[in-house]
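Chemist: For reference, the chains in residue letters:
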Amino acid sequence: MSLKDLISPFYVWQRAFEKPYTQRRPLEERPGADRYRGFHMNVLEECVGCGTCETICQNHAIDMVKVEGLEPKPGDSGLRPKFDYGRCCWCALCVDICTTRSLRLTNHYAWITEDPTDFNFVAGADNMSWNGHEKGYRRDDEYNLLCLDRVEMDMLAPEEGLKSFDEVMKGYTEEQAKIEADRCVECGICVATCPAHMSVPDYIKSIREGDYEKGLRILYETNPFSATCGRICTHRCEEVCPVGVQGDPLAIRWLKRAIVDRIPLERYREILGDEVVENSKTVAIVGAGPGGMSAAYYLRRQGYAVTVFEAQERAGGMLRYGVPSYRLPDDQLDKDIEYIRSLGVEVRFKTRIGKDVQFSELMDQYDAVFVSVGLNVPSKLRVKGEEHPRVLSGLQVLDDVASGKDPGVGKRVAVIGGGNVAMDAARVSRRMGAEVTILYRRRIEDMPADPEEIHESQAEGCKIVIQAIPVEVKDAADANQVSIVWGEATMVADDKGGRPRPVLQDGAVMHEETYDSIISAIGQGGDLDFIPGEYRDQIEFKWGKFVPSEYQRTTLKKLFVGGDIANNTADAISAIEDGHHAARGIHKLLSGELVA
Amino acid sequence: MQEQNTSIDLSSGKYVKVWQGPQHPGITGNMSLELVLCGDEVVECKTHVGYLHRGFEKLMERRTFIQNFPIVCRIAVPEPTFNEYLYAAVVEELSGLKSPERAEWLRTFNLELMRLASYLMWLGGVGAAFGQGTVYQWTVTHRDFVLDLFEEMTGARIYHMYIVPGGVRAKMPDGFEDRARKVLDGVERLLDEVEKVLFKNTVFKTRTKGLGIISKDMVDHYGIVGPNARAAGFARDIRKDEPYLMYDQVEFDVVTGSASDAYERAVVRHQEMYQGIRIMRQALDRMPKDGPFQAKMPNVLHWEVPAGETYVKAECTRGEYGYYLVTDGSQFLRRVHVRGPSYTHAIAVMEKLAVGTNIADIAGLMVSLHTYPPEIER
Numbered sequence: 245m246s247l248k249d250l251i252s253p254f255y256v257w258q259r260a261f262e263k264p265y266t267q268r269r270p271l272e273e274r275p276g277a278d279r280y281r282g283f284h285m286n287v288l289e290e291c292v293g294c295g296t297c298e299t300i301c302q303n304h305a306i307d308m309v310k311v312e313g314l315e316p317k318p319g320d321s322g323l324r325p326k327f328d329y330g331r332c333c334w335c336a337l338c339v340d341i342c343t344t345r346s347l348r349l350t351n352h353y354a355w356i357t358e359d360p361t362d363f364n365f366v367a368g369a370d371n372m373s374w375n376g377h378e379k380g381y382r383r384d385d386e387y388n389l390l391c392l393d394r395v396e397m398d399m400l401a402p403e404e405g406l407k408s409f410d411e412v413m414k415g416y417t418e419e420q421a422k423i424e425a426d427r428c429v430e431c432g433i434c435v436a437t438c439p440a441h442m443s444v445p446d447y448i449k450s451i452r453e454g455d456y457e458k459g460l461r462i463l464y465e466t467n468p469f470s471a472t473c474g475r476i477c478t479h480r481c482e483e484v485c486p487v488g489v490q491g492d493p494l495a496i497r498w499l500k501r502a503i504v505d506r507i508p509l510e511r512y513r514e515i516l517g518d519e520v521v522e523n524s525k526t527v528a529i530v531g532a533g534p535g536g537m538s539a540a541y542y543l544r545r546q547g548y549a550v551t552v553f554e555a556q557e558r559a560g561g562m563l564r565y566g567v568p569s570y571r572l573p574d575d576q577l578d579k580d581i582e583y584i585r586s587l588g589v590e591v592r593f594k595t596r597i598g599k600d601v602q603f604s605e606l607m608d609q610y611d612a613v614f615v616s617v618g619l620n621v622p623s624k625l626r627v628k629g630e631e632h633p634r635v636l637s638g639l640q641v642l643d644d645v646a647s648g649k650d651p652g653v654g655k656r657v658a659v660i661g662g663g664n665v666a667m668d669a670a671r672v673s674r675r676m677g678a679e680v681t682i683l684y685r686r687r688i689e690d691m692p693a694d695p696e697e698i699h700e701s702q703a704e705g706c707k708i709v710i711q712a713i714p715v716e717v718k719d720a721a722d723a724n725q726v727s728i729v730w731g732e733a734t735m736v737a738d739d740k741g742g743r744p745r746p747v748l749q750d751g752a753v754m755h756e757e758t759y760d761s762i763i764s765a766i767g768q769g770g771d772l773d774f775i776p777g778e779y780r781d782q783i784e785f786k787w788g789k790f791v792p793s794e795y796q797r798t799t800l801k802k803l804f805v806g807g808d809i810a811n812n813t814a815d816a817i818s819a820i821e822d823g824h825h826a827a828r829g830i831h832k833l834l835s836g837e838l839v840a
Numbered sequence: 008m009q010e011q012n013t014s015i016d017l018s019s020g021k022y023v024k025v026w027q028g029p030q031h032p033g034i035t036g037n038m039s040l041e042l043v044l045c046g047d048e049v050v051e052c053k054t055h056v057g058y059l060h061r062g063f064e065k066l067m068e069r070r071t072f073i074q075n076f077p078i079v080c081r082i083a084v085p086e087p088t089f090n091e092y093l094y095a096a097v098v099e100e101l102s103g104l105k106s107p108e109r110a111e112w113l114r115t116f117n118l119e120l121m122r123l124a125s126y127l128m129w130l131g132g133v134g135a136a137f138g139q140g141t142v143y144q145w146t147v148t149h150r151d152f153v154l155d156l157f158e159e160m161t162g163a164r165i166y167h168m169y170i171v172p173g174g175v176r177a178k179m180p181d182g183f184e185d186r187a188r189k190v191l192d193g194v195e196r197l198l199d200e201v202e203k204v205l206f207k208n209t210v211f212k213t214r215t216k217g218l219g220i221i222s223k224d225m226v227d228h229y230g231i232v233g234p235n236a237r238a239a240g241f242a243r244d245i246r247k248d249e250p251y252l253m254y255d256q257v258e259f260d261v262v263t264g265s266a267s268d269a270y271e272r273a274v275v276r277h278q279e280m281y282q283g284i285r286i287m288r289q290a291l292d293r294m295p296k297d298g299p300f301q302a303k304m305p306n307v308l309h310w311e312v313p314a315g316e317t318y319v320k321a322e323c324t325r326g327e328y329g330y331y332l333v334t335d336g337s338q339f340l341r342r343v344h345v346r347g348p349s350y351t352h353a354i355a356v357m358e359k360l361a362v363g364t365n366i367a368d369i370a371g372l373m374v375s376l377h378t379y380p381p382e383i384e385r
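Residue numbers (the numbering used here), protein chains in the order written: chain H, 245 to 840; chain A, 8 to 385.
Now the stretches of chain H that chain A is said to cover, found in silico as 3 or more residues with beta-carbon under 8 Å: (1) 249 to 257; (2) 273 to 281; (3) 296 to 306; (4) 326 to 337; (5) 388 to 396; (6) 420 to 430.
Within a straight-line C-alpha distance of at most 30 Å, the following computed BS3-like cross-link-like pairs (lysine-lysine) qualify: (7) A:Lys-65 with H:Lys-449; (8) A:Lys-207 with H:Lys-263; (9) A:Lys-105 with H:Lys-422; (10) H:Lys-248 with A:Lys-216; (11) A:Lys-296 with H:Lys-379; (12) H:Lys-414 with A:Lys-303.
What follows is a list of derived Cβ distance ranges for each label pair: (13) H:Phe-261 with A:Lys-303: 55 to 61 Å; (14) A:Pro-299 with H:Gly-488: 19 to 25 Å; (15) A:Glu-202 with H:Arg-268: 28 to 34 Å; (16) H:Asp-359 with A:Lys-247: 54 to 60 Å; (17) A:Lys-247 with H:Ala-401: 52 to 58 Å; (18) A:Asp-292 with H:Asp-359: 48 to 54 Å; (19) H:Arg-259 with A:Asp-155: 16 to 22 Å; (20) H:Glu-418 with A:Val-147: 54 to 60 Å; (21) A:Arg-188 with H:Phe-261: 22 to 28 Å; (22) A:Lys-247 with H:Gly-488: 46 to 52 Å; (23) H:Glu-358 with A:Lys-303: 47 to 53 Å; (24) A:Glu-202 with H:Gln-267: 27 to 33 Å.
Hints listed in this document are in silico derivations from the structure and should not be mistaken for laboratory results.
Just so we're clear, the structure is a prediction, and the values are computed from it rather than from any experiment.
Don't be surprised by glycine CBs; every beta carbon is placed ideally from N, CA and C.
All chains should be modelled from the sequences, with the hints used to inform the complete structure.
Modeler: Structure, rendered in C-alpha cells:
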C-alpha cells in the first residue's frame, strides 16, 4: 500500500461542484429521440385495412376492427388495427411491413391512465394526444420487408409481335411464378374487389407450394374461364393490391395463367373430379360468351340439362370476336370452352333467337332461361358524314380478323376511342401493316383501356393523339380515302368533382387529316329486338340494358340475365360472375328455395 | 454442481446456512446462492437458478423467422445486441442471405457500443460491490449517454431490435457520428478518472487482490472464456481468432493479465473498454456513408429457411456467445440453442471459487465473474 493509493480516491471530490446530469422531471421533460419507438399512430385515410400488421405481429397485439364513421372506399377493407398495449412490445414490425406506410410510431412514451381498458385503442381513430405527431419511428426508405418489384414476364419484342398474331406475353416459367407468388401478403383485399370474388391468395399460395392441381380446383370454384382471364382480365384486383401502393402490385392475372398453363385440358376431368348427376331439369342460355358459358358450367355441374344458343359459328362471344389472338390465342379460349362442353353442355351454333328459334319457345319449353347476349352494336360517332364507307367499326375489324377475313384497313388508319377495343383495333391494324394514329378525346390517364394495352400499343408504333374531338368526316380527293376534321379540346374541371371534361372551345385549333380508313371504337350498345313486346313490357330496362335484381333475375320469374347487357362494368370477369350468380339463382328457383 | 461436502454437520452448531439472493443487489440479476458458513468463511456454495426462465428457445419455435428478432434481445437484458446479431447471423448462414458491407460496419459499431454500455454498468457494479458507490454513479451516468446514442440510432434504449436477418433496420441519423464521437471522448476521460479512484484505491486493491483466483488449469477444465480467461493469461478472443463482421479490418489489442484474481479481471475489462472505443472510432471513420444496408429479402410473411444446422459464435463481454440453429425447411425453426458463458461462470466456477472466501466478498466475487442470470436460463 502506498501513500499515493491512499490519496488517489479523494480525486472524486473534484466533481462535487459540477452541474448534475440528472434531469428534474416534471420540471424538465425529455422527448424521445426522433426515431424513438413510442406509441402507435395510423393515418386512417391512407390505411386500406389490409391487416398485414396483424399478420406479422408476434405478440398478437393487433386486431383488425371496424371503425365507426369510416366509409371504406373500394380496395379498403374498412378495418383498422386496434392495439393491445398489454401485449405490444413496440418492435415496430407492423410499421416495417405496413403496405401503405400509414402506420407509424411516435416518440411519445409516457401514458398514465386510471382505466386499463384505455390501453386497447384504435390508432388514429381514438383520440390520443400523440395523433398527428411528426417525430418517431418510420420505416427507413432503404429498408423494406415487402418485395416490391414484379417479376417481369417475357414477351415478344414489339417489332417481332407486329409480324404475326402470335401471343405477345409468353407466360411465367414455374420459377418466375413462384417468385412472383412469394410477394403476396395474403390480405384478401383482391378477393373483395374481384367481381367473381376469386380466392386469389389461396391460388397464389398453391403456386408457392407448387401444387398446381389444387390451384386449378380453387380457380374453378369461381371462374371456369381461367385460361382466358389469366390473359385478358381487366384485373381490378391488381389495382387495389396493397403491395402496389409502394411498388408493383402482384401480377394476379399472370399467376392465374401460370396455373392453367401448366395443366393440359386432358387432365381437367381427373383433377376437378366433377361427375354430373342429372336432375332432369332444363335451362336455356342465350349467348355462348363468358356469361352464358359460365352459367352453363355451374348449372351443368349441378345436373341441369343445359342448352346454349349461339348466333355465331363458334363460342366465346366477345372473347372470340372482340379480342385479338395475340392477346388471347384461340386455343386457350377453346381450352376453357371445350372443358365446359365436355361436361355435356349442348351448344347450338348459328342459331339466332328471334329468327331461328323464338324467344317465347325458350320461355315455354325450358324451366329457366338465362340471357347473356352482350353488346354488339357499335355506338355512333354522332358527327356529320360518319356514314362514309371508309369509316369502319372497331368491332367489325376485330370480328373480320378473328374470322380470318381481311378487314381492308389500308395503309394509313385513324382509330377513334380510348378503350380496349380501340387499342385492339389499332394493334390489329399495325399487324396488317398500317400506320396507326389513335385519336382520343381525353388524356391518356383517362383512357378506359388497360395501361398495358396502351403501353404496348405505343411500343408497337401506334401514335396516340390526346384531347382530339372529331368534328366531321369528309370525302377525300381519292375516293378510296376519307378525311376527318378534329379539334384540339381543352380539359375543363368538373364542378361536381368528377373527372375533367374535354370541351371544344371557340377558336379551338382544327386539324384535317386524310386516311385510308377511320376505325370508330367508342363503345357499343345492345340489341334486344329478339325479345317480343309482351315480354319486354314486363321487364325493367335502363339505357338499353337489363336491370336485374337479386341472383340476376328479372321481373319475369324464370328469366335471368347477365353479362355486358346487364351490368355497367362490361368486362369478362363481371359476365362470368353474373353467369355464376344466375346459376345459383336458377338452382335456388328450381329447387324451390327462391320464391317463384 | 459440487459434490456434497459430507464433513459438514449442520446440527453441530459450528455452521450456519444463509441465502444470498435472489433479491440481493450483489447478485447480478435473479439467482441465489445457498451458502454454508463457518464463522465468516464460506465452506460450501450451491447456486440456484430458475427465477428468470422464460422459455425463449421454445417460444422461438412458434414464431416465424422474422418474428423472432424482437424477442431474442431479451435473452441477456444488459446485452441485447449480441443476441440480435447472433440470431441474424445464424439465420443468414442457413438461408444464404448476405448482409451488405455497410450493414456489417453498422453492426460492428453497434456491438462495440453495446460492449461499452455493458462494461460501464459492470465497472460501476464492481466498484459498488466493494463500497465504491461513486464510481457506480459515474459509470451509469455515462452508460446513459451511450444509451442515448442507441435511442437515436435504433429507436430504443435497451431492446434495440436493430440488427435483423438481412442487415440492419436503419442508417445512422444525421449528425449522429459527431455526437457518438463526443460520447466516446467523454467515456475515455471517465475511464482515466476511474483508474485513479478505483484501481489506485487502497480499499479496492486490498479487497480484490487475491480474491477468486482462477488457476490456469481451471480455464479449459471449466470452459472459462472471455475476460475471465484473458485475466488468467489466455489471449483468446473470437474477434481475433475467428474474425467475423469487420473485426479483421480494424486494429485492436487483446488485453491479457496474469494474476487472474478479481482485481486483474477488473483491469482487463477496464483496458478492453479503451480497445472497444478504438474499434468504434475506426468504424466511424471507415464505414461507407451510403449504399444498401439490407440484403435482398424473401417475403418475410412466408419465409422458409432451407433445412440445415449450424453454430455461430461471437465475442460478447463475457466471452464466447453462440447460437445453434436447426431448421427443417419450414417457416419455423426446428430448434435453437443459445449458449452463453454465464452458465459456466455463474454456476460451476462460482461454486468452486466461493469456497474459502469471506462472506463479505461473495457479492464482489460474483460481480467480478460478470454473469447474467437471464442468459443462464433463457
